[in-house]
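Undergrad: Chains F and D, in that order, give the protein sequences. With the numbering used here, letter number 10 in the first sequence gets 10, and the count goes up by one each step, no holes. With the numbering used here, letter number 56 in the second sequence gets 56, and the count goes up by one each step, no holes.
Derived from the structure by calculation, the hints contain no laboratory data. Everything numeric in this text was worked out from a predicted model, so none of it was measured. Worth double-checking, as some hints may not be accurate.
[Unchecked claim] Below, simulated BS3-like cross-link-like pairs (lysine-lysine); rule was C-alpha separation at most 30 Å, straight line:
1) Lys22/D x Lys42/D
2) Lys51/D x Lys22/F
3) Lys42/F x Lys51/D
4) Lys14/D x Lys14/F
5) Lys42/D x Lys22/F
6) Lys51/D x Lys14/D
7) Lys14/F x Lys42/F
8) Lys22/D x Lys51/F
9) Lys14/F x Lys51/D
10) Lys42/F x Lys22/D
11) Lys14/F x Lys22/D
12) Lys42/D x Lys42/F
13) Lys14/D x Lys42/D
14) Lys42/F x Lys14/D
15) Lys51/F x Lys42/D
16) Lys22/F x Lys14/D
[Said to hold, decoys possible] Covered stretches of chain F (in silico footprint by chain D; criterion: 3 or more residues with CB under 8 Å from a CB of chain D, positions within the stretch not fixed):
17) 6–13
18) 24–33
19) 36–44
Each residue gets a CB set at the ideal place from its N, CA and C atoms; glycine is no exception.
Number of protein chains: 2
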Amino acid sequence: MNSAVEILSSDDQKFLVELLLKQQYALELISSEIYEIESGTKQTDNATYQKLVSLYDRIRFEL
Amino acid sequence: MNSAVEILSSDDQKFLVELLLKQQYALELISSEIYEIESGTKQTDNATYQKLVSLYDRIRFEL
Numbered sequence: 001m002n003s004a005v006e007i008l009s010s011d012d013q014k015f016l017v018e019l020l021l022k023q024q025y026a027l028e029l030i031s032s033e034i035y036e037i038e039s040g041t042k043q044t045d046n047a048t049y050q051k052l053v054s055l056y057d058r059i060r061f062e063l
Numbered sequence: 001m002n003s004a005v006e007i008l009s010s011d012d013q014k015f016l017v018e019l020l021l022k023q024q025y026a027l028e029l030i031s032s033e034i035y036e037i038e039s040g041t042k043q044t045d046n047a048t049y050q051k052l053v054s055l056y057d058r059i060r061f062e063l
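When you get a sec, could you build the whole thing from the sequences and use the hints?
TA: Quick look at the structure:
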């Protein structure tokens, strides 16, 4: 993944994630990425794919 | 903002923000929040509003 995120402090990152969760867009963001990988539109390594799937499940069932 | 984000590790948060930036949705997420605050649909404190505006500018002009 790109390093643009390095420009944002961890406080900024936390703030953005809170916003993402507050607007309930996190699941849509992750599921569209999973869909593009599974449909072959996007390539990624297995570790990133597994991370997406586990993050999706945790956000869906734990938050 | 809610504390759901506490459940996610900083690594998870960074991963989500990278995804947000990769899918170029960060600006839309922030601008819709700013719009709702400015139109009175949502209430927030001034510090959060200033943070949104400064994060929007940094993402738009620095990334």
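Undergrad: For each hint, tell me whether it holds in the structure or not.
TA: Each hint, compared with the structure:
Straight-line distance between C-alpha atoms of Lys22/D and Lys42/D comes to about 27 Å, which keeps the hinted pair within the 30 Å bound. Distance hint between Lys51/D and Lys22/F is fulfilled; the C-alpha atoms sit about 16 Å from each other, no more than 30 Å. Under the criterion of a C-alpha separation no larger than 30 Å, the hint pairing Lys42/F with Lys51/D is inconsistent with the structure, at around 33 Å. Taking the CA atoms of Lys14/D and Lys14/F, the gap is near 8 Å; set against the 30 Å cutoff, the hint holds.
For the given pair, Lys42/D sits about 12 Å from Lys22/F by alpha-carbon distance, which is consistent with the 30 Å threshold. Pair hint Lys51/D plus Lys14/D holds up; C-alpha atoms about 18 Å apart against a cutoff of 30 Å. With a CA separation close to 27 Å, the supplied pair Lys14/F and Lys42/F stays within the 30 Å bound. Using a Cα cut-off of 30 Å, the hinted pair Lys22/D and Lys51/F holds, with the two alpha carbons roughly 16 Å apart.
A hinted pair counts as satisfied when its Cα atoms are at most 30 Å apart, and Lys14/F with Lys51/D qualifies at roughly 12 Å. Using a Cα cut-off of 30 Å, the hinted pair Lys42/F and Lys22/D holds, with the two alpha carbons roughly 12 Å apart. At roughly 17 Å between alpha-carbon atoms, Lys14/F and Lys22/D fall within 30 Å of each other, so this suggested pair holds. Distance hint between Lys42/D and Lys42/F is unfulfilled; the C-alpha atoms sit about 36 Å from each other, more than 30 Å.
This hinted pair checks out: Lys14/D and Lys42/D have alpha carbons roughly 27 Å apart, not beyond 30 Å. Restraint check: the Cα-Cα separation between Lys42/F and Lys14/D comes to about 20 Å, which is no more than 30 Å; the hinted pair holds. Straight-line distance between C-alpha atoms of Lys51/F and Lys42/D comes to about 33 Å, which puts the hinted pair past the 30 Å bound. For the suggested pair Lys22/F and Lys14/D, the alpha carbons sit about 17 Å apart, so the restraint of at most 30 Å is met.
Only when three residues or more bring their CB closer than 8 Å to a CB of chain D does the claim for the stretch 6–13 of chain F stand; here the count is 5, and the claim holds. Taking a C-beta to C-beta cut-off of 8 Å, the stretch 24–33 of chain F contributes 6 residues in contact with chain D, enough for the three needed, and the coverage statement holds. A stretch counts as covered by a chain when three or more of its residues have a beta carbon under 8 Å from one of that chain; for the stretch 36–44 of chain F and chain D the count is 0, and the coverage is violated.
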